[in-house]
Amino acid sequence: MRRIASIIAALAVMLGSQSVYAQTYPSKAITMVIPLSAGGSNDILGRYLADGLSKAFGQPVVVENRPGAGSALGSAHVAKSNPDGYTIMFVSSTYATNAATQSGLPFDAEKDLRPVALAAASQFVLVAGPSVKAKDFKEFLEEAKSRELFYASTGVGSSTQFAAELFNDRAGLKMTPVHYKGGTEALVDLIGGRANVYFGTVTQVLPYISAGQVRPLAITSKTRNEALPDVPTVGEMGITGAETNIWWGVFVPSKTPEDAVVKLNAEINKFLSTDESKAFLAKLGAEFIPGGADDFQTRVHTELNTWRKLAKERGITAK
Amino acid sequence: MDIFSNIALGLTTALSFQNVLYALFGCLLGTLIGVLPGLGPLATISMLLPFTFGLEPLPALIMLAGIYYGAAYGGSTTAILVNLPGETSSVVTVIDGYQMTRQGRGGVAIATAAIGSFFAGCVGVLVLAAFSAPLTKLAFSFGGAEYFSLMVVGLLGAVSLATGSMLKSIGMVIIGLILALIGTDLNTGVQRFTFGQPHLWDGLDFIVLAVGLFAFGEIIASLEARGDREAPIGAITSLIPTREDFRRMAPAILRGTGIGSLVGVLPGAGLSMASFLSYSLEKKVSRHSAEFGSGAIEGVAGPEAANNAAAQTAFVPTLALGIPGSATMALMLGAMVMHDIQPGPGVMTKNPDLFWGLIASMWIGNLMLIVLNLPLVGIWVKLLKIPYHALFPAILLFCCIGVYSVQFSTFDIYLAAAAGVVGYLFRKLECEPAPLILGFVLGPMMEENLRRALVLSRGDFSTFVTSPISAGLLLLAAFLVAIVLLPAVRKRRDDVFSE
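Chains as they are written, first to last, in the UniProt record's numbering: chain A, 1 to 319; chain B, 1 to 499.
Don't take each hint at face value.
[What the hints assert, rightly or not] Partial list, computed: chain B residues near chain A (C-beta under 10 angstroms):
| id | residue |
| --- | --- |
| 1 | Leu450 |
| 2 | Arg452 |
| 3 | Ala453 |
In short, the hints are calculated from the structure, not lab data.
All C-beta atoms in this analysis are idealised placements derived from N, C-alpha and C, irrespective of residue type, glycine included.
This is chain B alone, in the form it adopts within the complex (with noise of 0.2 angstroms):
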């Protein structure tokens, strides 16, 4: 099989002017639901899966795949301009981002994330054209045992996301693994810190509690800081990256397109564990770790890159195994399925046009959407110019009505205001809240990867380290552990983790 040939195939099919029109109105949607907190690209595409029916298979999917990369744009624009992140792969992206925006280098964020995820966007679709059958091997691979060392490796990250006391940071985690405990227990049916609320039953949701502890926390300490500081937004001094900004998210850019490439094939990972692994990542390996937390460009640019890159290369195992890796994902295999395709290993024999197609739509959807997004730097900036009077109420009401969408429940507001006194109270203590969400995303992932993994085992915790996957893991892990605890090191770890 040609790659050359195949991609040609695809771009002649896409490149088609209904084509072409269908992916630029996916991503104009996708970017719009991503900007309004809440409304995700899962309830967008369910609600447009109907209408697309009437359509041929091929324009129906690239509307729907445009709708769901687009959102993973515009999710980026709210967690850098208003401390808000839409997704779990956001959560991070707000740290050094809603700094740089404080700093007035919000339209240098909003260009650095679109940048970043341009050039993951397109690696990911070539990773996806050129590496399909070994990738789902390795999606394959993953089971309990193996699931659970990444997501070890993964809170060793969290810990590492905080920029002031470890301290502090690992009771943050803790929290919220506590959080995450809320819910139905799925081994046994056991409900958790329900107190009989059937609203409990599911759990607190990530969009619940992103909500209250970074906007509503952030907009309760601004009102607060008005009185005796300058106003925490500064004036937008440039909207282009300088030549050093390009000099320093280049290399974070590349690697966090590795990592989100590698990660996106794992189906039980996802793009949030894609987006924390680099932005530890590059925390660890930056000249200017002492920058992160502060407005560090790097701590956009590569989680940025890495989960767009997850975001295209989640398609693998969609498309090659019709094994879905999120619930978007699900959707778009039910799209499919609904359009006379079967996803699965003949999909690519089968349908060439229609999967070289797709590959190619994606690409051109990729630079669609920075051709959308860089002007719209501009225009979504000016957002900030609105006086606070506006401005607070107005992405008050929006965060309620995404709240409220999750379950149509008014009980999820009154968790979410909750949430945000919470979150001003870190705020206050100068405890930082992404590690917290951290471990409530990360939290039941690994419980119920090392319950699965103990229940196969029948009890055998050996299991962990005969997996040459996860013995590797776990050796990465207690690395990280080793270069945080060991006296040697502790002073460059100082160094690297002070204020």
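Chain A on its own, in the form it takes in the complex (with noise of 0.2 angstroms):
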């Protein structure tokens, strides 16, 4: 009986100091761990959200650029962290591409993390340069099968390669990877006629098609983008299961109390819901997809276990 009482009594403790944790969480700084460099759309949106979250909590929310290794080494410090809600890390789906393809990474992408929310996702457009002479993505299919043609990629391993192979493989085409540092060096060679596609984000190739410079034969996605009302989805056109998207979100190390982490995600959720935060999106051909951390962690692992799977079978690794 006694015994019953203190373990009643222990769990009315725990109870009780879990509820002031949930009542008083944050109470002081939380420090947001961005695993990649400094600049470009990661670290706008990082810092925008960061912004958001520390006039949200009251409490200051300071971001760290910890790059290297492909989001791995900021990826792991945060995996170390103390547990305590007060260290968050936004990062891009590089963190599930980058799990696919390296072996012997400091973490484990799967066990020492934990999904909080999923900030906003991005498709990918396939755009051909002046050296495809195909007008349309029929065409373009035809030519494909004709000759060898070069796909520019940001990487072995980067998303940009995974959503061309996940193309090849669906649409049974051969076509090579050409590696390049950065998106930018890829749309120059694109344009300049050396390489002949590119699967791009749609901000990023937008003012290319705009100015007539690259042409959109299709778009990744489910439904059309209302920024290319013209361009088709890959399943219109008949390729099925060719879907893919680039995402932002936000993890904590696993061991994190629940409460924080749903407090994390209603506080993300609610900020990134604003028109304000849209229209902020919108500009970087983001949306929001509103969800629970539950929806964001079988997001992840069902990503890793495709990419796993397609790494496999074509054989992308980083040894």
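Need the complex rebuilt from these two chains, each delivered in its own frame; the hints are there to steer you.
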């Protein structure tokens, strides 16, 4: 009897402390680690979210860039941080592609970090440079089957390579990768007529499409994009299962208290669903997708499995 | 399109009180971060970016641009005074600039750098205003083969950077190339020489190597030398360049400006390539080439002009094409997008006040920088009067902060310390670190472009000679080799390279 009482007492203390935690969290500054270099859309988005969260919480959210090893160094740092809800990570879908291609990561991408909320997502547009004769997607498929084409990629195991390889796989094509350090270099070679096609994000390629320097052939989403209403989806063109996207989201060390996860998820959802945030995301060609921590977890794990399988089949590995 | 009316439009926009204030703030901040090693324009701009969301687009961009070229000015100050290149483009400024400081001519060197940068900046802005359209075409015509050939010319230039033995400088370039191999290979994802250390996956950072080899190495050597020699830094004799100085720097500045304006336009080459090429050229054409490496004013004037001209014309691909040439430029591009300006071919017609306003503000910024920097020369130089026992620990501390801030990793500080020991050994062996750094910077670009060109040509090596630009550059490279190797000119070369 006494034992039961003490257990109940202990439970009550635990519950009590948890609810106290839930009420007071966050009571001090939160560090948001961005495991990618400063600059670029990742950084802009992360800092925008940090700014919004610090206003919502009334506590500073301090951004810390910890680039290195394609987000692995920063991720490992967060994985080893104190799981008290005061260290969070903002990362792009590089998180999943990196884990699928790199062996010997200094952390476990499935177990050490817990997905909290999906912040935003965007799609890839398949664009062709002047070296491709095809005017539309149908002609492009014929051209790609009749001669060997090069797709520009932003590095072995990058999101752009996975988008292209998935497309290769589903459309039965044999396009070869040519790797660049970044999307900019890839676009210069595409426009200069050296590389043939590229899977770029909507924001990245939109100006060149408007200028007539590259031609959009298809978009890798389920529905058409508002900014490019005339560009068909891959599904419409009869290629099934080639949908891919790029996303940004927040992670925490896996032992972080549930309360902190719930509160972070709620505030991120609340902040990003405002009209102002939607307009901001639209400028980056991204959109907010509301959802709980579990939805995001499912998305990350599904993607990890898809990419691992594809990486194995198509031989995309970093050694 | 009338260029004068455009410039007038730009000036009226940029000269508003508010815009001038933002330009001033940007330039001041830029100079400051340029002087602090490690903290570069990239980190500063990205930290300030969220604060500019509340501003009008033009003042925001004017401020960010001010930081960008203010940092280029500030970076040369540390290069000249304490042998510490804050960025790749000031590596060559170190060679003769620091020697000038040791001869008590540090003030003259800083003034020369400021004057050269100002002139080049002005010309660069004009080039940007007048030739944006044709220059963007040039940027697109550079692919893997062309860049590779340009790098070959650059590497051959690297060998000429050294003042001592040719063999040693070739050796140093090769060591630089080997160090550059560390990291993940872009084409295959294979990790080279990383020894299972995730810290090495991205390779060594330039700052780590430069701080170690130049700053740490120099400090160790100075401490050793104190016992038996005069203080390595001579008393400052004068701040203002003499008439003879002006006569010598003027042609160097002109040539540097020309090289910089052209090279800056190429998104894949960068500012460092501009200053490296300018230094090699100055050394080849100067009548005082024997002085190079021991404080030749041309060696400061040319490269400084080149890198500042390139800093201006780097805006050509960014503004007119939306294609940034560097990470900093990519950030500027991001800032424009966030302020609802879509850079690209339409920017000149859609937002003429913004385009020309920004260009005019660059010129105002350059003017501001020279007004700011010339009086500051006196203050910077006074830093050298601080006794060593106070100055050295301070430099060491700032260097460590800079190195740490690159990746927030203590591993990098250890690497820099190791590089410091190596740098000291090199000094003892009379091997100069500049060619090593050049090999380190150019090596990866060269390999990447070589392999990309070959992938795209499906392994056909003729791709390097069928492109006229590439073939021309390779011919130039062959010519450079011939000058060095032909026995008839050998004697002249010995004169040129003799110690």
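A quick look at each hint next to the structure:
Using the Cβ-Cβ criterion of 10 angstroms, the hint placing Leu450 of chain B at the interface with chain A is not satisfied: the shortest such distance is roughly 13 angstroms. A least Cβ separation of about 6 angstroms between Arg452 of chain B and chain A falls short of the 10 angstroms threshold, and the interface hint therefore holds. Because the beta carbon of Ala453 of chain B sits about 9 angstroms from the nearest beta carbon in chain A, less than 10 angstroms, this interface hint is met.
Hint 1 from the list above is the single one not met by this structure.
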